[in-house]
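Protein chains in written order, with full-length UniProt numbering: chain A, 1 to 206; chain X, 1 to 400.
Be careful, since some hints might not be right.
Stated by the list, open to error - Here are the simulated distance ranges between beta carbons: (1) X:Lys253 to A:Gly134: 52 to 62 Å; (2) X:Thr90 to A:Asp178: 50 to 60 Å; (3) X:Thr90 to A:Ala56: 25 to 35 Å; (4) X:Lys253 to A:Asp21: 48 to 58 Å; (5) X:Glu205 to A:Ala56: 33 to 43 Å; (6) X:Trp334 to A:Asp82: 30 to 40 Å.
Keep in mind that the hints were calculated from the coordinates and are not lab data. Just so you know, even glycine gets a beta-carbon here, dropped at the ideal spot from N, CA and C.
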Amino acid sequence: MANPHLPEPRLDLRLIADLVDRGSRVLDVGCGDGALLAFLNGARGVDGRGIEISQAGVNECVARGLSVIQGDADTDLAEYPDDSFDYVILSQTLQATREPKRVLEHLLRIGRRAIVSFPNFGHWRVRMSLLFKGRMPVTENLPYSWYDTPNIHFCTIRDFVATTREIDAKVERAVALDAAGKPIPLNAPWAFWNIFGEQAVFLLRR
Amino acid sequence: MTFERDKDQAADLQRQREIDHPSSAVALFGTDEPLHLDAGTAIAPWQIAYQTYGTLNADKSNAILLCHALTGDQHAANVHPVTGKPGWWTTLVGPGRPVDTDRFFVICANVLGGCMGTTGPASLNPQTGRVYGLDLPVVTIADMVRSQAMLVDRLGIDTLFAVVGGSMGGMQVLQWAASRPERVFAAVPIATGARHSSQNIAFHEVGRQAIMADPDWRSGRYLDAGTRPSKGLSVARMAAHITYMSEQALHRKFGRNLQDRPTLTFGFDADFQIESYLRHQGLSFVDRFDANSYLYVTRAMDYFDLSADHDGVLARAFQGTKTRFCVVSFTSDWLFPTRESRIVVHALNAVAANVSFVEVETDRGHDSFLLDEPELFRTVRGFLSGAARARGIAPPGGSD
């Protein structure tokens, strides 16, 4: 039932969709206007649900026929029972949560697997901005000034990998995307990813 | 003024006729099909009056049941036989509207305890040959749903595509989903909650006391006595009407503006526009509603507490549900504030139900669900279209 009128989603969303088995149950936390959910519902035939904090985003999703509730990842994930989804997705939202570690734990409790994508604060351009300009970076992917950003908990790819160990999560797959949105070769070392990856996508399991 | 009085009398006669002989369709249930009530008794014979819009499809999969609010009735999308005004949900229901009668078969029934053709306290009691009055057992939201289910059976419909309603109608939606989940494919409870709050019960009690304090109420036997507790009912409506609006909306509409006068009169006339507006609301309500019915339907709402039937755990009311839910609240609704909707959403999440939740930003209060609210329309249209796709109901004209 793919809708031919739907535009192809961003590369990082397609990457996420490739990690999801057909027909599975998916919860997208911070689903925005529902672009990923609509793509998953259509192209991957999943039973998709969403949580979104912005009312405008929720209303847009529901008007598109998606099952989305208005809610906050920091407080509302506790409402979901264990094992209620095959995948819980957190796309470009981790850095905006108040308690990212707790949120990650909830993801792995609610879903058998978690898919997390986030902007890499270890990217060379971020490092350069701090090193040479002495200013918080403002890039295409991180377009906010320090005082009005919703992003309060940045991490680097290395930080994230360390956190997965702390919460006993296994990294089943990981992909880093360069500035052009192209995947970095899998055989590159973490350090390389951490410098040249502008964003990262992780598939985690318990 | 003679003309005015004649008009009132004509409206009154029409209203009286609608109680037992409605101008809409009516399903009659004989002594062999009693309606069992939560109060522990049953009534028989009994009847339920309803309207339908649109066409039932061949596999009977496109039926939507609309549930009306406290003082609404079955005339959702047609001209009202007593008031001559458009139906109460013509904003939402009709050809091409969010509840699209070109696509769906829409049913709306007058609630049990009402006064527009469904058995209620103003109906003739077949046992005694006079009107029920307070001899009718107190009815509940579950009783209303039970009567609607018997109507849906009578219409030969097994599973409703959707049950949609606001306020007391939303309570019926939740009750349908909780007690007959296999018969409800999708549910849209709007501006409602899983229980009536203490504050809401308090407002209803004020209304009931106003009616019962009216000397014309005559212990509920006013129809026999040829009187009507119009003053009490009017005050009840005035008090309730305030709860349907928000403070901002009242302020914007009326402020402290004076009614047809340049200065205060230093008396108790309706100096302020808001007073005059409320008096008008109260008086016009009396023309179309029965005072005892008001006692019954407010009581039904007061008794509603879905979690009470499930050991106080609301989630258990929805255990294993396959129904798709779309819960809607309004930011300025203080009768059923958003937190009441969130309680329902959390309970549905706890059983991993398929649920959408939209809070519509508006300053028009509880009654927003009856008004021109584009976000509400977009939500209902989108949700029903998505659910219709999942149910395989063809869109009108073959495109979605």
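Against the structure, the hints come out as follows:
1. X:Lys253 to A:Gly134: 52 to 62 Å: holds (55 Å)
2. X:Thr90 to A:Asp178: 50 to 60 Å: holds (56 Å)
3. X:Thr90 to A:Ala56: 25 to 35 Å: At 28 Å between Cβs, range holds.
4. X:Lys253 to A:Asp21: 48 to 58 Å: holds (55 Å)
5. X:Glu205 to A:Ala56: 33 to 43 Å: holds (40 Å)
6. X:Trp334 to A:Asp82: 30 to 40 Å: For X:Trp334 and A:Asp82 the Cβ distance comes to about 36 Å; the hint holds.
This entry satisfies every hint, going by the numbered hints stated previously.
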